[in-house]
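J.: In numbering that gives the first Met the number 0, the protein residues as written are 0 to 179.
Heads up, some of the hints might be wrong.
[Unchecked claim] Label pairs and their calculated CB-CB ranges: (1) Asp30 - Asn51: 23 to 33 Å; (2) Asn122 - Pro78: 23 to 33 Å; (3) Glu162 - Ala107: 29 to 39 Å; (4) Glu79 - Arg12: 38 to 48 Å; (5) Arg71 - Leu98: 44 to 54 Å; (6) Arg149 - Leu129: 45 to 55 Å; (7) Glu119 - Glu162: 32 to 42 Å; (8) Cys47 - His67: 24 to 34 Å; (9) Glu162 - Gln33: 40 to 50 Å.
Simulated from the structure, these hints should not be mistaken for laboratory data.
For glycine and all other residues, C-beta sits at the position ideal for the given N, C-alpha and C.
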Amino acid sequence: MTCLMTAWGQHERELRAWFTHRLGDANAADDLLQDLFIKALGRSRQFCEMVNARAWLFAVARNTLADHLRLRKDLVELPEDLADPHEEPVPVDTLAACLPRALAELSAQDREALTLCDLEGMNQEAYAQLKGLTLPGAKSRVQRARKRLREHLSTVCQVRLDEAGRVCCFVPRTPPLTPP
């Protein structure tokens with residue numbers, strides 16, 4: 000233990016300067032210096048047998064710094080005027096509230112095509128096989144169903160688009176009441 004304390008006393012100032020120079024932060028340097036000292040304490044029995052204690056301390060210091068830099072997550076200061084993430088949702092995201100009722104009001108064929116291909120993710124080739132259609136016929140059916148849904152949403156939910164063609168606003172509709 001006395002060998003460790005002697006070597007530490009001789010090299011602590013140099014190690015602190017080395018850490019501070021590389022980190023640019025005296026407090027972080029002191030933290031890493033403490034970590035290094037704890038690692039050296041773990042080797043206190045072998046410390047007296049080391050030929051060059053300074054070389055060992057700097058080798059462990061380099062590894063400690065590399066570990067610190069690898070694990071460090073840089074924090075970014077956020078501006079005070081950053082928008083509140085809980086502001087009003089984007090209209091297209093809330094348009095889903097109109098979808099169930101509008102979908103229910105389409106023909107069974109359109110509803111099935113949209114449900115299978117757009118909502119459940121079935122590819123149009125599988126849809127064509129399921130319905131006994133050619134691939135172009137299935138694609139045409141899905142495209143026509145999408146067009147009718149878009150027109151229906153424009154009418155019943157009063158969907159309006161901005162100049163870029165994005166949904167800017169609409170009137171939400173509740174699902175139809177089911178009879179008791």
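J.: For each hint, tell me whether it holds in the structure or not.
T.: Here is how each hint holds up against the structure:
1. Asp30 - Asn51: 23 to 33 Å: 25 Å, holds
2. Asn122 - Pro78: 23 to 33 Å: 44 Å, violated
3. Glu162 - Ala107: 29 to 39 Å: 36 Å, holds
4. Glu79 - Arg12: 38 to 48 Å: Holds - the Cβ-Cβ distance for Glu79 and Arg12, about 41 Å, lies within 38 to 48 Å.
5. Arg71 - Leu98: 44 to 54 Å: 45 Å, holds
6. Arg149 - Leu129: 45 to 55 Å: For Leu129 against Arg149, whose Cβ atoms are near 24 Å apart, the range 45 to 55 Å is violated.
7. Glu119 - Glu162: 32 to 42 Å: 33 Å, holds
8. Cys47 - His67: 24 to 34 Å: Once the Cβ atoms are compared, 28 Å apart, the range 24 to 34 Å for His67 and Cys47 holds.
9. Glu162 - Gln33: 40 to 50 Å: 60 Å, violated
In this structure, the hints that do not hold are numbers 2, 6, 9, in rising order.
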